[in-house]
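Respectively, the protein sequence lines represent chains A and B. The opening position of the first sequence corresponds to residue 1 in the numbering used here, with each subsequent residue numbered one higher. The opening position of the second sequence corresponds to residue 1001 in the numbering used here, with each subsequent residue numbered one higher.
Source of the hints: derived by calculation from the structure; they are not laboratory data. Predicted model only: the values in this text are computed from it and were never measured. Check before you lean on any hint, since a few could be wrong.
[As the list claims (entries may be wrong)] Lysine-lysine pairs mimicking DSS-like chemistry, simulated, CA-CA at most 27 Å apart:
| hint | chain 1 | residue 1 | chain 2 | residue 2 |
| --- | --- | --- | --- | --- |
| 1 | A | Lys23 | B | Lys1131 |
| 2 | B | Lys1207 | A | Lys98 |
| 3 | A | Lys29 | B | Lys1131 |
| 4 | A | Lys16 | A | Lys79 |
[Unchecked claim] DEER-style ranges, computed between Cβ atoms:
| hint | chain 1 | residue 1 | chain 2 | residue 2 | range |
| --- | --- | --- | --- | --- | --- |
| 5 | B | Val1135 | A | Leu327 | 50 to 56 Å |
| 6 | B | Pro1204 | A | Leu330 | 51 to 57 Å |
| 7 | A | Leu330 | B | Gly1129 | 43 to 49 Å |
[Said to hold, decoys possible] From chain A, some residues computed to sit far from chain B (all C-beta separations above 12 Å):
| hint | residue |
| --- | --- |
| 8 | Val21 |
| 9 | Glu22 |
| 10 | Glu123 |
| 11 | Arg208 |
| 12 | Val261 |
| 13 | Leu279 |
| 14 | Leu288 |
| 15 | Tyr302 |
| 16 | Ala303 |
| 17 | His316 |
Just so you know, even glycine gets a beta-carbon here, dropped at the ideal spot from N, CA and C.
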Amino acid sequence: MTDQSATPFLDIQGLKTHFPVEKGIFFRKTVATVKAVDGVDLQLRQGEILGLVGESGCGKSTLGRTMLQLLEPTEGSVKLEGRELVGLSGSELRAARKDFQMIFQDPYASLNPRMTVYDTLAEAILAHKSVHKSKLPEKVAELMNKVGLSPRFIKKYPHEFSGGQRQRIAIARALAVEPKFLVADEAVSALDVSIQAQIINLLANLSREMNLTLIFISHDLSVVKHIADRIAVMYLGRIVEFGPAETLFDDPLHPYTRALVSAVPVPDPDRERERQRILLPGDPPSPLNPPKGCTFHPRCPYAVEACKASFPAWSHQGNRQVACIRLDALD
Amino acid sequence: MAEILPQPKMPPASDLFEQAEQGHSLWQDAWHRLRKNHMAVIGGIFILIMGIASFFGPMMVEHGYQEQNLELRETPPSADHLLGTDKLGRDLLARVLYGGRISLTVGLVATAVSLTIGVLYGTVSGYCGGKTDAVMMRLVDILYALPFTIFVILLMVFFGRDIRLMFVAIGAVEWLTMARIVRGQVLSLRQQEFIEACIALGLPMWKIILRHLAPNVLGPVIVYSTLTIPAVMLLEAFLSFLGLGVQEPMCSWGSLIKEGAEIMEEAPWLLLFPGSLFAATLFSLNFLGDGLRDALDPRASKD
Chain A
1 MTDQSATPFL
11 DIQGLKTHFP
21 VEKGIFFRKT
31 VATVKAVDGV
41 DLQLRQGEIL
51 GLVGESGCGK
61 STLGRTMLQL
71 LEPTEGSVKL
81 EGRELVGLSG
91 SELRAARKDF
101 QMIFQDPYAS
111 LNPRMTVYDT
121 LAEAILAHKS
131 VHKSKLPEKV
141 AELMNKVGLS
151 PRFIKKYPHE
161 FSGGQRQRIA
171 IARALAVEPK
181 FLVADEAVSA
191 LDVSIQAQII
201 NLLANLSREM
211 NLTLIFISHD
221 LSVVKHIADR
231 IAVMYLGRIV
241 EFGPAETLFD
251 DPLHPYTRAL
261 VSAVPVPDPD
271 RERERQRILL
281 PGDPPSPLNP
291 PKGCTFHPRC
301 PYAVEACKAS
311 FPAWSHQGNR
321 QVACIRLDAL
331 D
Chain B
1001 MAEILPQPKM
1011 PPASDLFEQA
1021 EQGHSLWQDA
1031 WHRLRKNHMA
1041 VIGGIFILIM
1051 GIASFFGPMM
1061 VEHGYQEQNL
1071 ELRETPPSAD
1081 HLLGTDKLGR
1091 DLLARVLYGG
1101 RISLTVGLVA
1111 TAVSLTIGVL
1121 YGTVSGYCGG
1131 KTDAVMMRLV
1141 DILYALPFTI
1151 FVILLMVFFG
1161 RDIRLMFVAI
1171 GAVEWLTMAR
1181 IVRGQVLSLR
1191 QQEFIEACIA
1201 LGLPMWKIIL
1211 RHLAPNVLGP
1221 VIVYSTLTIP
1231 AVMLLEAFLS
1241 FLGLGVQEPM
1251 CSWGSLIKEG
1261 AEIMEEAPWL
1271 LLFPGSLFAA
1281 TLFSLNFLGD
1291 GLRDALDPRA
1301 SKD
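Bound-form chain A, shown alone (with noise of 0.2 Å):
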């Protein structure tokens, strides 16, 4: 891992996706604009594990979606290795995917019903190189394996594994291309507690072993505590905060960011009674209409005036970089 080299492995450079919202039966007209993902500036290193947070609609997923180029970004670039991924022609794209992948969240959906695991592995392998046949069933075993599934369900179909071994099947195929770079979309929200820290284990396992580079994303905090090296805060579609995971939740910045910080129940009886608990007033804006200048303002207990002018430039605190005009006010 080298440290701040000359291109970052992921740049990500004024992201924006934009959903316009349509009226009309015969003759469409854009009457809004979803402001999925506003302008999302991220650079990442090779073989880090990014957690990605905030609450339901604030963009996350289409953030992964779109980087990943299965959405089309409405403006900004995403570039992998220097490499420009926006823009690329159909042909080239689908050259180009080879190298980053996903993993869903629902992986009873995520799988073809219809196909066996050796199917739908075989398939993925040979999407982008060519196997000998004889050579395949042994690849598909070593993927497996590699996933901590038995070669022995190669012949099954995905209605006959438990939640858990569907997700390994579903990272499994993700793998089977080789990628450098991996998307996870709240790949454990749909899985019981206790499975869900065995494929989080399975992914930094796999994030170490083979140095990729894991977009991990998440609402669930302390899931994304257990497995990230460093964090980034999303808010209405921005990034708020970005930093290292441990600095970020021992002495989280923004003011967004403290109170999903102490929304976090701590699993010990006597200090979770004296948690101090940051309620944020009202719900989150919609993104079809956000609030003018910094996002989180209507609802901040820090706010002033100043606040409603513009979106707050990054300051850099450290190995941090925040979006608050107000960190001098906070204690």
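Using the hints provided, position chain B relative to the given structure of chain A.
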């Protein structure tokens, strides 16, 4: 955190498939469920028998379906003419079997026509989405609004009573529902994460459609096809009953029922035999279709 699953030693690749546990595909599960449904099985067997009888029967019966014997007009069932004769002295058994051939062929061919058009149209509409989808589906809505029996009658009147035309005419009307069903299925499948995963893998579009979309659309398509066959046969019978169907001396179950109904007081067997066979076939097809629907329904497969 210990791994709960065992990590067995990897066997050599050649043995992998022999040692692997056999899985059950959704098709196999559906087949097991279908076999447990007695009505559907009886229906299926009856249709099979009817199919064999009407395609090979006319060759076995000693009288031809158009062979007239004016001395033996409207005779009740006897040893020589098992089901009796009609007003021109033609053997009813031969005519019923031959009529079954026409009716079943109309049912199958018209359903195949509607299947082809409907599946292609629906898949394109659902997969492309957006404006293409809107325009294509509005066209279907407009065609739906046409009184389709009148449309078929008009076709028959203008282009003459050609049986091939009837296949096309009925098929052209019946594809609309098929297109809607397929489009709906494709639309919902497209949102499924496994299709997105295919795109993320960089698979070409034809592979996604053929290997991932098509097999998952097939279930409802099979069910609807089995239910379209009786609907088409009924439509054909209806047209024949109006005198717009097949032409003499050819006959279908519809035209036989029509002839029988005209002289039902003097010769009730002329209505009874084709009528009951037709009804039994329709029942069988519907039972089979219902059984297939229950067997292939993904919601039922969860329990």
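Query raised in the report: Given the hint that Lys16 of chain A pairs with Lys79 of chain A, does the C-alpha gap stay at or below 27 Å?
Result: Cα-Cα ~14 Å, so holds.
Requested in this report: Take a quick look at whether Lys1207 of chain B and Lys98 of chain A sit within 27 Å of each other, Cα to Cα.
Outcome: holds, 17 Å
Query - Whether Glu123 of chain A stays farther than 12 Å from all C-beta atoms of chain B, as the label says - result: At roughly 7 Å from the nearest Cβ of chain B, Glu123 of chain A sits no farther out than 12 Å, so the non-interface label is violated.
Query raised in the report: For the pair Val1135 of chain B and Leu327 of chain A, does the Cβ-Cβ distance stay inside 50 to 56 Å?
Result: holds, 54 Å
Report task. Decide if the proposed pair is consistent with the structure: Lys23 of chain A and Lys1131 of chain B, CA atoms, cutoff 27 Å inclusive. Result -> holds, 13 Å
Requested in this report: May I ask you to check that Leu279 of chain A keeps its beta-carbon over 12 Å from the closest beta-carbon of chain B?
Outcome: holds, 34 Å
Report task. Take a quick look at Val261 of chain A and tell me if its Cβ sits farther than 12 Å from every Cβ on chain B, holds or violated. Result -> Non-interface label on Val261 of chain A holds, nearest chain B Cβ at 24 Å vs cutoff 12 Å.
Query raised in the report: For Glu22 of chain A, is the shortest beta carbon distance to chain B beyond 12 Å?
Result: violated, 10 Å
Query raised in the report: Within 27 Å, alpha carbon to alpha carbon, are Lys29 of chain A and Lys1131 of chain B?
Result: holds, 12 Å
Query raised in the report: With d taken as the least Cβ-Cβ distance between His316 of chain A and chain B, does d exceed 12 Å?
Result: With a cut-off of 12 Å, His316 of chain A remains clear of chain B, as the shortest Cβ separation is near 34 Å.
Query raised in the report: Hey, does Ala303 of chain A actually stay past 12 Å from chain B on C-beta?
Result: Its Cβ never comes within 12 Å of chain B, the nearest being 39 Å, so this holds.
Requested in this report: Starting from the range 43 to 49 Å, see whether the pair Leu330 of chain A and Gly1129 of chain B falls in it by beta-carbon distance.
Outcome: Because 47 Å falls inside the window, the suggested range holds.
The structure is inconsistent with the numbered hints 9, 10, although it conforms to all the rest.
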